[in-house]
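J.: What follows is each chain in one-letter form.
There are 2 protein chains.
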Amino acid sequence: MLQMGIIGYGYWGPNLVRNFNVAAGSQVSMVCDMNKQSLSKAKKAYPQVRFTSDVNELINDPEVNAVAIATPVFTHHELAKKALLAGKSVFVEKPFTHTVEEAEELIELAEKKKLKIMVDHTFLYTGAVRKIKQLIDDNVLGSIYYFDSVRVNLGLFQHDVNVVWDLAPHDIAIMDYLINDKPQAVVATGSGHFDRGLEDIAYLTFYYPNNIIAHINVNWLSPVKVRTTLIGGQKKMLVWNDLEPDEIIKVYDKGVKVTTTEGKYNLLVNYRSGDMWAPRIQATEALRLIAEEFVHYVEEGGKVVNDGAAGLKVVKMLVASSKSLKNKGEMIYL
Amino acid sequence: MLQMGIIGYGYWGPNLVRNFNVAAGSQVSMVCDMNKQSLSKAKKAYPQVRFTSDVNELINDPEVNAVAIATPVFTHHELAKKALLAGKSVFVEKPFTHTVEEAEELIELAEKKKLKIMVDHTFLYTGAVRKIKQLIDDNVLGSIYYFDSVRVNLGLFQHDVNVVWDLAPHDIAIMDYLINDKPQAVVATGSGHFDRGLEDIAYLTFYYPNNIIAHINVNWLSPVKVRTTLIGGQKKMLVWNDLEPDEIIKVYDKGVKVTTTEGKYNLLVNYRSGDMWAPRIQATEALRLIAEEFVHYVEEGGKVVNDGAAGLKVVKMLVASSKSLKNKGEMIYL
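Residue numbers (this note's numbering), protein chains in the order written: chain A, 27 to 360; chain B, 27 to 360.
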C-alpha cells in the first residue's frame, strides 16, 4: 500500500486526498497545508490522516512513500526536489514547473535516484480524451488537419500566473497527447486588462509539420463557460463538448475531398456530409485512474503518458507561448 | 424610383434582386449574368425585368440609375469603375475590392463625379448588430475589453480567395463598426490543407489601444456551424449567437472588479455575477434596410456606416491579415 503525503489542501488538494485515499494500492498518510483553517476542515473529513503545516515534516516522514504536490506552480520545483532528495517519487500538479530548467533538473534527479515523476495532466485519463486518442490512432479521423480548443469562463484570476499558465496546460497536454507529431513553433496573442502585467485573454497557435495547426483560446473574462474542441481530419471531423452531459463527443462523417483534374486550377471540391455518431464515453473519474496509474508506475515502472518528460514538453510550450504573448505574437520556435 | 441594374446572379445576386425590387424607392430594371442558365431562372421569377449577359449593355443603359455588383471580388474594381464613369452610383458586394489601391481609386472617382458608393456589409443593418452598437454607445457594457468572434462551418470553398477574404469581411466590418477605436496592428495565423496556396483556417488578432483585443476565428473545415461573438466589457458581458432563434443576444451582469489596495501586489478581485438579460431584437431583413438606405443615400446624400471609406478600412484589414497569414503571424501595422 503506497502511503501518500499530499502537500497543499487548497483548490485541487482535496481532490487528490479523496482519490489517493480510495484508489487501489494507495492511501493518504499525511497532508500538509500552511492554512490552519484548511487543515481543520480536512481533519474532520479524514480522522485517520495526520496533518502538518511543515512540508519538511511530511517529506521526511518515514511512513510517507510518495509525495503529491498541489501548490502554486512557482513552488513545485523546490518541493519536488526536496521530495526526490528524500527518496520519494512525486506526483505534481499541472503545470509541472515554472521554467524549463526546473523541469530538466527534476527529471535528471529522478533518473539518478531511480524515482518516478508523474504530472497531473488529468484530462489524458478522461474517457473523452482516451476515446479521441483511439479514434485518431485507429485512423477513423484520417490525417489531422487541425485542433481547435476553446476554454473560457469567468475565471478564478490567478495572482501569480497569466491565463496561459492557468488554463492552457490542459489544452497543450491534450493536444500533445492526441497529435502524433511535434509542434515547430508558436504564435501567441492576447491582452491583460487589470494593469498587473498578467494576460487574462490569450490565443495560441501551434504550427505543426504537414500544415497541421492547433489553436487554443483561453479567457478568464467570458460570461459563459465553454469547453469545446473541434478536431478536423481528412476522413472525419469531431466535436468534443466537455460540458455536454450525454453526447460529449460527436463524430461527423463530413469532410471535403478536393480532386485535381488537369492542373492546379481545375479543382473539384466535393462535400461529404453523412451521419453523426456519438460514441459512448467511459465515465470513471479520471483522477481515480491517474492515482492508480501513479501507484502502478511507482511500484512496477513501465511507461506513462504523463511522466516528467511529458510535463517538460508542456512547460516548454507554455514558456514559448508566454514569450510570444509578451512580444505580441512573435513566432517562437520550439 | 431608383432603377437598379444588378450585375451577377449567382449566390448573392438573387437576394439583391429580390430586395431592390421591393424596397421603398427602388426597383430592378436590368440583371446581368454571363451564365445563361442563371438568367433563364431569373427571367421566370421577374418577367418585368430585362436581362443581358453583357455588362456594358447594363452599365450604359440609360434607364439604369445605379448599379449593384455581386460578382467575384477580383472583378469589383473594373465593374464599379465602369459604372462610376457611366455616371452611376454603385452598391458593391463585400469585400469592396481586392486591393487597397483599387478601393482608393473608386472612392476618389466617386467623389469627383459626385456619386455614391455603398458596400454590402449586411450585418451592420441587422437588428442584432444595431442592438449591440446601441448597448455599447449607451455605455451599458462599459469600456470594451475584447471582441471574440467565431464564424466556422463546412464551407463553400472559394476558388479565388482564402477563408479570410470569404468569411472575415463580416467580422471585420462588425468589429470596426462596434469598437469606437482604430486597430493598430494585426497578427494572423492559419493553415491550408489542399495544396493550392489558399488558407481554409485562419485566426486573426487585432490589437487596439487600451488593451482592447479582437479575435476572429474563421474556418471552412468545421463539421458544425458556429456564429458566436463574445464581447466583454468592464460593466457587462455579451454573447451574440446568430444561430439562436430566440435569445440571439444575451447580456450578462457578470464581470470582474479589481481593486488595488496599497500597491500592485494586493489586488482584490471581486466577481460580480448577476442576471442575464436577452433584449428583443428587430427582425426586419437587413438587406431590405440596406437597399432602402442605399436609395436614400443616392438620392439625398448624408452619411452611411458602410460607405466606400468603411469598405476601404475593411479591405486594408483584409490585406494586412492575409499578409500576416502568409508570413505565419508576422505583426502587420495598420
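Keep in mind that the hints were calculated from the coordinates and are not lab data.
Mixed in with the good hints there might be a few duds.
A pair counts as met if it fits within one copy or between any two copies, since identical chains are not told apart.
Lysine-lysine pairs mimicking DSSO-like chemistry, simulated, CA-CA at most 30 Å apart [what the hints assert, rightly or not]:
1. Lys342 - Lys70
2. Lys208 - Lys354
3. Lys261 - Lys352
4. Lys159 - Lys139
5. Lys283 - Lys62
6. Lys349 - Lys69
7. Lys280 - Lys69
8. Lys349 - Lys140
9. Lys159 - Lys208
J.: Indicate, hint by hint, whether the structure satisfies it.
T.: Tested hints:
For a Cα distance limit of 30 Å, the shortest separation of Lys342 from Lys70 qualifies neither inside one copy, at 40 Å, nor across copies, at 64 Å. Taking the shortest alpha-carbon separations for Lys208 and Lys354, both the intra-copy value of 23 Å and the inter-copy value of 17 Å come in at or below 30 Å. Within a single copy, Lys261 and Lys352 get their C-alpha atoms only as close as 38 Å, which misses the 30 Å cut-off; across copies the closest is 27 Å, which meets it. Proximity of Lys159 to Lys139 under the C-alpha cut-off of 30 Å is found in neither arrangement, the shortest distances being 32 Å within a copy and 63 Å between copies.
In this homomeric assembly, Lys283 and Lys62 come within 30 Å of each other (Cα to Cα) only across copies, at 28 Å, whereas the closest approach inside a single copy is 62 Å. Taking the shortest Cα distances, Lys349 and Lys69 never come within 30 Å of each other, neither inside one copy (42 Å) nor across copies (60 Å). When the C-alpha separation of Lys280 and Lys69 is checked against a cutoff of 30 Å, the pair qualifies neither within a copy, at 54 Å, nor between copies, at 36 Å. Within a single copy, Lys349 and Lys140 get their C-alpha atoms no closer than 33 Å, and across copies no closer than 51 Å, so neither meets the 30 Å cut-off.
Taking identical chains as interchangeable, the C-alpha atoms of Lys159 and Lys208 lie at most 30 Å apart only when both belong to the same chain, with a minimum of 16 Å there against 43 Å between chains.
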